[in-house]
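Novice: Next come the chains, spelled out residue by residue.
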Amino acid sequence: MLGVTEREQLPVGQAKAGEPEAWSVLFRRYQLPLYVYVFELARDEQTSLDIVQETFIAAVRHIGSLRDEAKFGGWLFGIAHQKCAQLWRRQNRDAAWRGEIAETPPDLDAGPDELLIRREEEAEFMRLVNELPPPQRAVLLLHFVEDFSLEQIAEITQTPLGTVKSRLHYAKRALRKLLEEK
Amino acid sequence: MKTPREILLQQHEAIAPKLDALRAGVVAGLGRPPARETVSWRDFARSLRWHFAGLSAAWVVVAVLNIDHSPSPVAMIPRDKIPTPQQLWASLRESRRLLLEYSGDASVAETAAVPGRRSEMADEQAVV
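From first to last, the protein sequence lines stand for chains A and B. For what it's worth, this note's numbering labels the leading residue of the first sequence as 1, then goes sequentially. For what it's worth, this note's numbering labels the leading residue of the second sequence as 1, then goes sequentially.
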């Protein structure tokens, strides 16, 4: 499996210099994870493709604002996340984004690599992901799909770190509960 | 056994060709030089229409504020006190006579004050 945020050598510098081939490499690397993330939030194929395209275009346009080249992935997901949030606001469903968990964030349990799912549990896993409230779903997807750190997820979603910890904890707990029940 | 990431990516593998096309489209747009926009004078004028409207409105306000609403000095003189042309002419002659008198040339003042007949003046000029 690709190590996701494993320190890949990505041609971000060349992309900054405007080399189309470098952009092609970067987009190829992120297109599917980005689509998965957007689709699991937007739940519509065409809308998700549009958001991915807009994200790519915005990335090309604003690459100059990226200070740390190592954070390209998080920065790209941040653009996509903002576009998803805009979509939700347009659909007047942003109330769901505001549902915060007031409890003190507990220490996080096992990472994504420690969570293994059996073939017969896959459909149930997807159903559970879809049932999670959007804020928890977003955090869980960022954690699973790209293995972003909590700090990176907080930056991407523009959410306090404590809130990210809470959301991830409760999402994973719900997931475990379901898998144990099965 | 699979990781959540593997499951999630696998669920959406079928979208890969569309994503490839999308990526190719965006990357193709990178090499293209931005189209030069030619702006005609009409478009230029149209783009400034709100500026023109604003300036016009400002000038109208300035013009309105500059209208003198105070009554004119002429209008302040009562109608019955307006002198007739004869009175004005007499007053002018009197003023001229006094001016010449004060300057010491009484003879001139006398003659100037009462000019001769036009027909006589013509004869004098003819003699000279």
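Simulated from the structure, these hints should not be mistaken for lab results. Be aware that a few hints might be false.
Said to hold, decoys possible - Listed below are the simulated DSS-like cross-link pairs for lysine-lysine, each with C-alpha atoms no more than 30 Å apart in a straight line:
| no. | chain 1 | residue 1 | chain 2 | residue 2 |
| --- | --- | --- | --- | --- |
| 1 | A | 165 | B | 18 |
| 2 | B | 2 | A | 16 |
| 3 | A | 177 | B | 18 |
| 4 | A | 71 | A | 177 |
| 5 | A | 71 | B | 81 |
| 6 | A | 165 | A | 71 |
| 7 | A | 83 | A | 71 |
| 8 | B | 81 | A | 83 |
| 9 | A | 165 | A | 177 |
| 10 | A | 16 | A | 71 |
| 11 | B | 18 | A | 71 |
| 12 | A | 16 | A | 83 |
| 13 | B | 18 | B | 2 |
Novice: In ascending order, which of the hints set out earlier in this document are inconsistent with the structure?
Specialist: Hint check: 1, 2, 3, 4, 5, 8 fail, others pass.
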